[in-house]
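As you go down the protein sequences, you meet chains A and B in turn. Following the working numbering, the numbering of the first sequence begins with 1 at its first residue and continues without gaps. Following the working numbering, the numbering of the second sequence begins with 1 at its first residue and continues without gaps.
Any given hint could be a false lead.
[As the list claims (entries may be wrong)] The following label-pair restraints were derived from C-beta to C-beta distances:
| id | chain 1 | residue 1 | chain 2 | residue 2 | range |
| --- | --- | --- | --- | --- | --- |
| 1 | B | His41 | A | Gly273 | 55 to 65 Å |
| 2 | B | Ser167 | A | Gly94 | 38 to 48 Å |
| 3 | B | Cys139 | A | Glu319 | 50 to 60 Å |
| 4 | B | Val176 | A | Thr317 | 53 to 63 Å |
In short, the hints are calculated from the structure, not lab data. Yeah, the Cβ is synthetic: ideal placement off N, Cα and C, and Gly gets one too.
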Amino acid sequence: MTVHTEMSVTVTDIELVADAIKQFTLERVDGQPMPAFAPGAHIVVSMMDAGRLRRNPYSLMSSPRDPWNFRISVLRVERSRGGSVFMHDVIAVGDTLTISQPVNLFPVDILARRNLFIAGGVGITPFIPMMEVLNEKGGVFELYYSIRSRSHGAFWSEMSALYPNRVKIAVGAEGYRFDYHELLINQPLGTHLYVCGPKLMLEHIFNIARDLGWAQENLHFELFLAPPSGSPFTAKLASSGKEIVVAEHQSLLESVEEAGVDAPFLCRAGACGQCETRVLASDGEIIHNDIFLTDEERKSGTKIMPCVSRFVGVGLTIEL
Amino acid sequence: MAIKSRPIYNGFDLEMPAQRHIFVLEGEGALALLEKVNPSHPMLGQSEILYSPVGSSHEQAIVKLNAANFFTAPSSEILLNRFAAILSTATMSTRLYAAGTEGFIGAAVNVAARYGVKSASIVKEHRGSLRRRVQCVHCKGFNSDITASPFHCEHCKLYLFVRDHFSTRLNAFQGVCVNAEEPHLFPEPVELYQ
Ligand code: FES
């Protein structure tokens, strides 16, 4: 995968689209068109935040037919390890950012008999281009979008106006929640379910779907889990012969990259499996924050997903 | 020898949750269910069983399971039509199971595909003969119940070698002329797929 071919972009517009959500418009510094992408794709934005390299994934929400800019939306997560706060407070129109090529881990099948989208909060973003393309091509879809309050939710009025009968909004502050069991029990055969939102919501919905008997092949999700912070720890990189210190608000993967070591990744959220790395030695406990490894793999202590997982102890040696 | 392009049959697993279970069973395929299910299994109350005997006699045993619905079809074709009718109104809370010969499973998979079901979502168990359905790559005619290779295409009479390549779309193996260069030579057929 050549996601490591990066390009420089200029921030040409910033808009506050909801209480804590900013939308950024990005154009290439060299004036060239943006690479093509299919709905569901994300990019990884690299930023130097207080001397630390951060790389955060964001779903593309611009039109796949517009080759001149990319748009992303960033939720400001207070007390997070940074990244989102940096994007909100530091980045201004005219600044330059480095982004990866688009990667699509959440593609939608426009020929599916029916697509059911469930979004929570800023998880709405990948569905915006999906609905645009499906609407154009006559695909069948419905969106169930949960927001905390009308001012916290982004794009709900635009989406309801564009697709009046196909978008349903549940506003938590108004005491309304979707009954996902009720929703999933009667979906016609051939329906594909796409969920993007907080981890707990995702797990809740997928548990219901599996219990009802939904086929694994029809369940799709996108999860942007910010790498959890934790105590700093040291790691030895066996192949490159380096020793690195992972800071409190930095992921192991970011620290590896900062040391100039090229490591594989796609989602940077513990979901895709691309960054799986062998643990050669460790005296301590691996804090597995991913949702990729099986329980057995976790217990064996021989594998780690550096994009989200951490370590408490001494003498962690990984094969990188 | 495992054939890469050949579908994988993992066998019946009856412990996966669903609101409704639909079984399509052909011939000895009935045993895939009968050998595994305990007649008091709660899933039977939510199960529909479609069975095409093609020479087997498992009807009585299936009746004893007391499934929510049971249908004995006079032919596999009629069974598959009934299957399609059920799928046209089924929901995602439905688990599908198919057991029987390779040709039958392939045909059931193709019916389900019309309703947006992926082959991997169907629980499958191969039972009965290994006889192959073979498409002649020259005249495109289908030959069923092929047990030996090479064999004579029933349509164009070419002498065909059965390749180990299975097309899920056509639900058939490929037969390629074996003696195109030396039409007078007829290599001995070998019984391979009893
Ligand atoms: S990059 Fe996807 S799991 Fe780590």
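Right, here's what the structure says about each hint:
no., hint, in the structure
1, His41/B x Gly273/A: 55 to 65 Å, "violated, 35 Å"
2, Ser167/B x Gly94/A: 38 to 48 Å, "violated, 57 Å"
3, Cys139/B x Glu319/A: 50 to 60 Å, "holds, 56 Å"
4, Val176/B x Thr317/A: 53 to 63 Å, "holds, 54 Å"
Checked against the numbered hints given earlier, this structure breaks hints 1, 2; the rest are met.
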